[in-house]
Amino acid sequence: MSVPAELKYTESHEWVRLEADGSVTVGITQHAQELLGDMVFVQLPDVGRALAQREDCAVVESVKAASDIYAPLGGEVIAVNSEVETSPEKINEDCYAAWLFKLKPANAGEVDGLLDAGGYQKLLDSEAH
Amino acid sequence: MLKTTPLNAAHRAMNAKMVDFGGWDMPLHYGSQLDEHHSVRRDAGMFDVSHMLTVDIHGENVRQFLRGLVANNVDKLTLPGKALYTCMLTPTGGIIDDLIIYFLSESWFRLVVNAGTADKDIDWITGQSRQLAPALTITPRRDLAMIAVQGPNARTKVWNVIPDSQAISENLKPFQSVMLGDYFIARTGYTGEDGFEITLPAGQAADFWQKLHAAGVAPAGLGARDTLRLEAGMNLYGQDMDETVNPLESGLAWTVDLKSERDFTGKQTLLETPVNRQLVGLVLLDKGVLRNHQKVITRQEGEAGEGEITSGGFSPTLNQSIALARIPAGIAAGEQVHVVVRDKQLAAKVVKYPFVRNGQALV
Numbered sequence: 001m002s003v004p005a006e007l008k009y010t011e012s013h014e015w016v017r018l019e020a021d022g023s024v025t026v027g028i029t030q031h032a033q034e035l036l037g038d039m040v041f042v043q044l045p046d047v048g049r050a051l052a053q054r055e056d057c058a059v060v061e062s063v064k065a066a067s068d069i070y071a072p073l074g075g076e077v078i079a080v081n082s083e084v085e086t087s088p089e090k091i092n093e094d095c096y097a098a099w100l101f102k103l104k105p106a107n108a109g110e111v112d113g114l115l116d117a118g119g120y121q122k123l124l125d126s127e128a129h
Numbered sequence: 001m002l003k004t005t006p007l008n009a010a011h012r013a014m015n016a017k018m019v020d021f022g023g024w025d026m027p028l029h030y031g032s033q034l035d036e037h038h039s040v041r042r043d044a045g046m047f048d049v050s051h052m053l054t055v056d057i058h059g060e061n062v063r064q065f066l067r068g069l070v071a072n073n074v075d076k077l078t079l080p081g082k083a084l085y086t087c088m089l090t091p092t093g094g095i096i097d098d099l100i101i102y103f104l105s106e107s108w109f110r111l112v113v114n115a116g117t118a119d120k121d122i123d124w125i126t127g128q129s130r131q132l133a134p135a136l137t138i139t140p141r142r143d144l145a146m147i148a149v150q151g152p153n154a155r156t157k158v159w160n161v162i163p164d165s166q167a168i169s170e171n172l173k174p175f176q177s178v179m180l181g182d183y184f185i186a187r188t189g190y191t192g193e194d195g196f197e198i199t200l201p202a203g204q205a206a207d208f209w210q211k212l213h214a215a216g217v218a219p220a221g222l223g224a225r226d227t228l229r230l231e232a233g234m235n236l237y238g239q240d241m242d243e244t245v246n247p248l249e250s251g252l253a254w255t256v257d258l259k260s261e262r263d264f265t266g267k268q269t270l271l272e273t274p275v276n277r278q279l280v281g282l283v284l285l286d287k288g289v290l291r292n293h294q295k296v297i298t299r300q301e302g303e304a305g306e307g308e309i310t311s312g313g314f315s316p317t318l319n320q321s322i323a324l325a326r327i328p329a330g331i332a333a334g335e336q337v338h339v340v341v342r343d344k345q346l347a348a349k350v351v352k353y354p355f356v357r358n359g360q361a362l363v
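So the sequences go chain by chain: V and A. Positions 1 to 129 (full-length UniProt numbering) are the ones given, in order, by the first sequence. Positions 1 to 363 (full-length UniProt numbering) are the ones given, in order, by the second sequence.
Chain V on its own, in the form it takes in the complex (with noise of 0.2 Å):
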């Protein structure tokens, strides 16, 4: 299963990059991905939208269930990924590529509460049992 080492994640298996900028970048992961199985129907947050840390602001679909994805972070959203909502197969292809939103955080210091790689590769064997 595929953690990289340079993002952050959450509990609800979306990742997190931070940008040079401040802003970061969220995802789904590739357990998330596997799970769901083949995209086909992805809803994004609106640009602006001011988002609160853990809530609903995007649904993915496949074509075995549909599953909310929440803010890993507050903040505003400043840029969505139009061509995952074209194309959800695109999440499935390359789920670390096909990022959903960017935000730029209210609150840097919420970034430290979000697992490190390690910290969600543990997550995922425990589940896994």
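Hint data in this document are derived by calculation from the structure and do not stem from the laboratory. Bear in mind the structure is a predicted one, so any value in this text is a computation, not a measurement. Glycine included, each C-beta is placed from N, C-alpha and C at the ideal position. Don't take each hint at face value.
[Said to hold, decoys possible] Chain A is faced by these chain V residues, among others (derived, beta-carbon under 8 Å):
1) 38
2) 40
3) 41
4) 45
5) 61
6) 63
7) 64
8) 66
Once you've looked at the hints, dock chain A against the given chain V.
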């Protein structure tokens, strides 16, 4: 402890994602449900359906027993090998199960029932038999496996695998079957495509599965089976129907014979009960995916005007979301309804189903 079919090891060797399906350890997909779906629509795919149960009924005058047991009329079965799709009803018209009955001889009929209802079905059938036809022998055949090979090229690929099968099976019409040694070959299925459902001794199933695979038949899981049957407009027991609804409000009036003099369990209630609901197809006009149990709002007012999606999902062939829904009678094909999806009401069109048949979109 999950129940397993004779193909369990074969699924695992093919890297299937296994799931608990009503107590059975079954393959959901082997990598991509969408690819498996398209393989069946465009070429040939195979499904392990050994969790379903074959039940043989032997004895004198099986036909008379079945006349009373099921809602469709077994007197339509005149040629040996011919099959009939029917519901088996409670005395109040609820659907105990939907099944296929094969007429093999006047002293041997074969039933194929759903996995999740198999125990209940056997109890019901043996109970009815004890009262009405105690001399009949009812034999559940867990010694058999069943593989459905479906798709435009399915029959040809089967012929390449089973020696001498082409001559004996190429003239079978839909819903006809034939015995060839250990193989019971029926031109039936649950996908809306041509193909066979093949019943064979459990011990031979893995070898047959491998030979089909070598002949270019793609393994397909329960995920693809569900999207294929939904596109084909075929009911799924436990979702589109159960004991709380009758066949007339489940899109299955065509399987109920109310015209002949024959009496059958549930008939009286069906004759006396007004049909206030109907099963229809929905095609989603807005973006999104319809799912089971979402509420449907029609132009008829109040709660009585509401309905519910019984099977919703994404149609890989149509590349949009479709559903079967139970809604009030009187809403016609072509009308627009709304479906409550999370916090939104999405527009959907009522259509006649099937949505897809033999690879072609019909809506």
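Do the hints match the structure? See the list:
1. 38: Hint holds; residue 38 of chain V Cβ to chain A Cβ min 4 Å, cut 8 Å.
2. 40: Constraint on residue 40 of chain V satisfied, holds at 4 Å.
3. 41: At 5 Å from the nearest chain A Cβ, residue 41 of chain V passes the 8 Å test, so the hint holds.
4. 45: Check failed: Cβ of residue 45 of chain V comes no nearer than 13 Å to chain A, outside 8 Å.
5. 61: Since chain A brings a Cβ to about 4 Å from residue 61 of chain V, closer than 8 Å, the hint holds.
6. 63: holds (5 Å)
7. 64: holds (6 Å)
8. 66: holds (6 Å)
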